[in-house]
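Chains A and B supply the protein sequences, listed in that same order. If you're matching positions, the first sequence starts at 2 in the working numbering and goes up one per residue. If you're matching positions, the second sequence starts at 2 in the working numbering and goes up one per residue.
If you're looking for bench data, these hints aren't it; they were derived computationally from the structure. Where hints are given, some of them may not hold.
Any copy, or any two copies together, can satisfy a pair, since identical chains are not distinguished.
[What the hints assert, rightly or not] Pairs of lysine to any residue residues, derived as SDA-like cross-links and limited to a Cα-Cα distance of at most 25 angstroms, are as follows:
| id | residue 1 | residue 2 |
| --- | --- | --- |
| 1 | Lys82 | Glu247 |
| 2 | Lys82 | Gly133 |
| 3 | Lys207 | Thr169 |
| 4 | Lys207 | Gly122 |
| 5 | Lys251 | Gln161 |
| 6 | Lys82 | Ala112 |
| 7 | Lys82 | Phe117 |
| 8 | Lys94 | Val62 |
| 9 | Lys268 | Asp88 |
| 10 | Lys268 | Ser84 |
| 11 | Lys268 | Glu247 |
| 12 | Lys268 | Arg32 |
| 13 | Lys82 | Arg31 |
| 14 | Lys251 | Ala228 |
| 15 | Lys82 | Gln201 |
| 16 | Lys207 | Arg46 |
| 17 | Lys41 | Asp206 |
| 18 | Lys207 | Gln157 |
| 19 | Lys35 | Glu139 |
| 20 | Lys94 | Leu249 |
| 21 | Lys97 | Ser84 |
| 22 | Lys82 | Lys268 |
Protein chains: 2
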Amino acid sequence: MLPSVTPVQERSVLSVSIVGTGRVGTHLARRLHKCGVHIKQIYNRDLSKAYALATEVQAQVVTNLEQFGKETTDVVILAVKDSAISDVAQTLKLQKIQSVLVHTSGTVPIAVLQPFTERFGGFYPLMTFAEGADVPWEQVPVGVNASNADDLLLLQTLAQSIGAQSFTLLDEQRVGLHVAAVFANNFTNHIIGMSYELLQMHGLDKALLQPLIEQTVQLALAHDPYAIQTGPARRRDAQTIATHLELLRKHRDFSRVYQLISGLIQKA
Amino acid sequence: MLPSVTPVQERSVLSVSIVGTGRVGTHLARRLHKCGVHIKQIYNRDLSKAYALATEVQAQVVTNLEQFGKETTDVVILAVKDSAISDVAQTLKLQKIQSVLVHTSGTVPIAVLQPFTERFGGFYPLMTFAEGADVPWEQVPVGVNASNADDLLLLQTLAQSIGAQSFTLLDEQRVGLHVAAVFANNFTNHIIGMSYELLQMHGLDKALLQPLIEQTVQLALAHDPYAIQTGPARRRDAQTIATHLELLRKHRDFSRVYQLISGLIQKA
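Taking the hints into account, I'd like the entire structure generated from these sequences.
Pasting the structure below:
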C-alpha cells in the first residue's frame, strides 16, 4: 500500500449490521464487537436469538427485515443459509441499503447479489464454528471479493480488524474451496469419529488415539500427505487388509469406507 | 507399585536386540539407545541398513539370523513385517533364546510366538513412523502383553524407559486397535491429501486449509466428533450437496468419497 493512502480503519470506526444469528453470525458478531467494530443492527427470524446476541454486542434488534437498513453501516452481512440469500437481499433492496452487502456462503456466487445492489461482495471465513468453542480468529483466512475495488479494500480491512487474514476468493473458486473444506473438516471429523467407535467396540479408551491423530495432522500439514502415506494399503499388504476386512465384516459402513479409501491410497 | 518392589530399571540397564531395521525398528533402536537401553545385536536382511543403524546405536551386527541370540538380552524385538514373524521366530528358537521375544505388530496375535518360546509378548507402539520425522515418544501409547506377569512388567518398564506410556493390549483387541489406527492415521491423512488436491485444482494455496484442519482435530479430540459434526451433510442441505457433486462430476474418486461419507454423516 502506498504511504499516501489512508487505510479505512484509520478514517473511522467500521460499522456493520448482521442478518442471521446462527453459528457464523453469532461468532462473527462477538468477534467484531470485541475488536471494536460497531454493530448497529441485528435481525433474526427467531427474535429471542436476535435479542440475546444484540444484548451481548450492544446492537439494536430490528424486528422486521423490511425495516432493516434505515441506519447506514459500512457493511451488511448476510449470515443466513444459502437458500435464503436472494430473498433477504431482495427485501433489503427495497430499503435502498447504502452499504456493501455481503454474504458468508462458501457455495453461492457473490453475483447472486448483483440484481439487488451495486455494492456487493463475499466475506467467507474458512473455519468451523462449533457451538461453544473458541474460534482461532488470528489464524482464520477470510475469502473476500467485491463488486468494486474500494469495497474489496473495505472487506480486507474488516477482516484485518478482527485479526484475521484475508485472501481474494473468486466465484469460480468458491465451491471448490467449500468442497475442500468439507473434506478437510466434515469428512476428517467423521473418520476420527469412526476410529473412536472402533476403539469402543474393542473396550479401548479413545484417548489412546490422541497422540497418533495429532502426529498425523502435524505430518499432513508439513508434507504432501500422499507422499508420506503409510499403512497396509500403501504397502499393498493384502494379508493385513484381509484381516481388517474380516474384522469389519459385520460392520458394513466401516468396511465400505475401508475398501474405498484403501483403494484410493493404492492408486495415489 | 509397592515400595518394597525394586523396579526393573533400577536392577540393571535393560538390554535389547532387534531384528529388522525398517521404520519401526530404526525409530525404536534410536530411542532406546538415546534413553540408555543397551542395544546388543541388530539383524537385517539388507546388511548395509543393519550396519548403518548399528553404528548409530553402538550395537553389533549379526550377519546371519542363525547366529542371533548368542548374546542374552532382556528383550528381543522382532520389528519385521507380519508375514515374516513366524519364520524369524522359528529360526531364533534354534538358538535357544534366553530373552522375552516380542513383535511390534498391530495385527498378528502374540500367540503366534508360542510354538517357539515360553517367554513371548507384544510391544506395539501406537504411532506413525514417518521417514525423517521426530516421534513424540513421551506421548506414544505402547500396547504391551506377555505370556507371564514378570515379562509383562519387564515390557512395561521398557516402555517407561523410553518415556512412553504403556497399556495392556489383548490379542482380541489388537486387530480392532490397528483398524482404528488405519482410520485415524491412513484415512485421515488421505482425506487431507484430497482436500489439498481440490485446492490445487482451483488455484488456491493449501496453506489456506491449515487453520481449519488444526481446529477440526482439536475439536474432534476434545468432543464426540459425531456430536459436533457440521456441514451440508449434517444439516441435510440437499442443494449444497448437489452443487458439490456437480463440481465433482468429472472426479469420480472424489465424488465416491463425498457420497459415501456424506451418507454416513446423515445416518450418524
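Taking the hints in turn, this is what the structure says about them:
For the identical chains of this complex, Lys82 and Glu247 are inter-copy neighbours only, at 20 angstroms across copies versus 43 angstroms inside a copy, given an alpha-carbon limit of 25 angstroms. For a Cα distance limit of 25 angstroms, the shortest separation of Lys82 from Gly133 inside one copy, 20 angstroms, qualifies, whereas the shortest one across copies, 45 angstroms, does not. For the identical chains of this complex, Lys207 and Thr169 are inter-copy neighbours only, at 14 angstroms across copies versus 40 angstroms inside a copy, given an alpha-carbon limit of 25 angstroms. Only between protomers do Lys207 and Gly122 lie at most 25 angstroms apart by alpha-carbon distance; the minimum there is 23 angstroms, versus 43 angstroms within a single protomer.
Within a single copy, Lys251 and Gln161 get their C-alpha atoms no closer than 52 angstroms, and across copies no closer than 37 angstroms, so neither meets the 25 angstroms cut-off. In the homo-oligomer, the alpha carbons of Lys82 and Ala112 lie at most 25 angstroms apart inside one protomer (16 angstroms), although the nearest pairing across protomers, at 57 angstroms, exceeds that limit. For the identical chains of this complex, Lys82 and Phe117 are intra-copy neighbours only, at 18 angstroms inside a copy versus 65 angstroms across copies, given an alpha-carbon limit of 25 angstroms. In this homomeric assembly, Lys94 and Val62 come within 25 angstroms of each other (Cα to Cα) only inside a single copy, at 19 angstroms, whereas the closest approach across copies is 80 angstroms.
In this assembly of identical chains, the alpha carbons of Lys268 and Asp88 never lie at most 25 angstroms apart, being 45 angstroms within a copy and 31 angstroms across copies at closest. For the identical chains of this complex, Lys268 and Ser84 are inter-copy neighbours only, at 23 angstroms across copies versus 38 angstroms inside a copy, given an alpha-carbon limit of 25 angstroms. In this assembly of identical chains, the alpha carbons of Lys268 and Glu247 lie at most 25 angstroms apart whether taken from the same copy (22 angstroms) or from different copies (23 angstroms). For a Cα distance limit of 25 angstroms, the shortest separation of Lys268 from Arg32 qualifies neither inside one copy, at 44 angstroms, nor across copies, at 34 angstroms.
Taking CA atoms no more than 25 angstroms apart as the test, Lys82 paired with Arg31 passes inside one copy only; the shortest distance there is 19 angstroms, against 54 angstroms between copies. Proximity of Lys251 to Ala228 under the C-alpha cut-off of 25 angstroms is restricted to the inter-copy arrangement: shortest distance 24 angstroms between copies versus 32 angstroms within a copy. Within a single copy, Lys82 and Gln201 get their C-alpha atoms no closer than 36 angstroms, and across copies no closer than 27 angstroms, so neither meets the 25 angstroms cut-off. Taking the shortest alpha-carbon separations for Lys207 and Arg46, neither the intra-copy value of 40 angstroms nor the inter-copy value of 37 angstroms comes in at or below 25 angstroms.
Within a single copy, Lys41 and Asp206 get their C-alpha atoms no closer than 48 angstroms, and across copies no closer than 35 angstroms, so neither meets the 25 angstroms cut-off. Taking CA atoms no more than 25 angstroms apart as the test, Lys207 paired with Gln157 passes between copies only; the shortest distance there is 20 angstroms, against 41 angstroms inside one copy. For the homomeric pair Lys35 and Glu139, the shortest alpha-carbon distance inside one copy (13 angstroms) is at most 25 angstroms, but the shortest distance between copies (38 angstroms) is not. In this assembly of identical chains, the alpha carbons of Lys94 and Leu249 never lie at most 25 angstroms apart, being 56 angstroms within a copy and 34 angstroms across copies at closest.
For the identical chains of this complex, Lys97 and Ser84 are intra-copy neighbours only, at 22 angstroms inside a copy versus 74 angstroms across copies, given an alpha-carbon limit of 25 angstroms. In the homo-oligomer, the alpha carbons of Lys82 and Lys268 lie at most 25 angstroms apart only across protomers (22 angstroms), although the nearest pairing inside one protomer, at 37 angstroms, exceeds that limit.
The structure fails hints 5, 9, 12, 15, 16, 17 and 20 (numbered hints given earlier, in ascending order).
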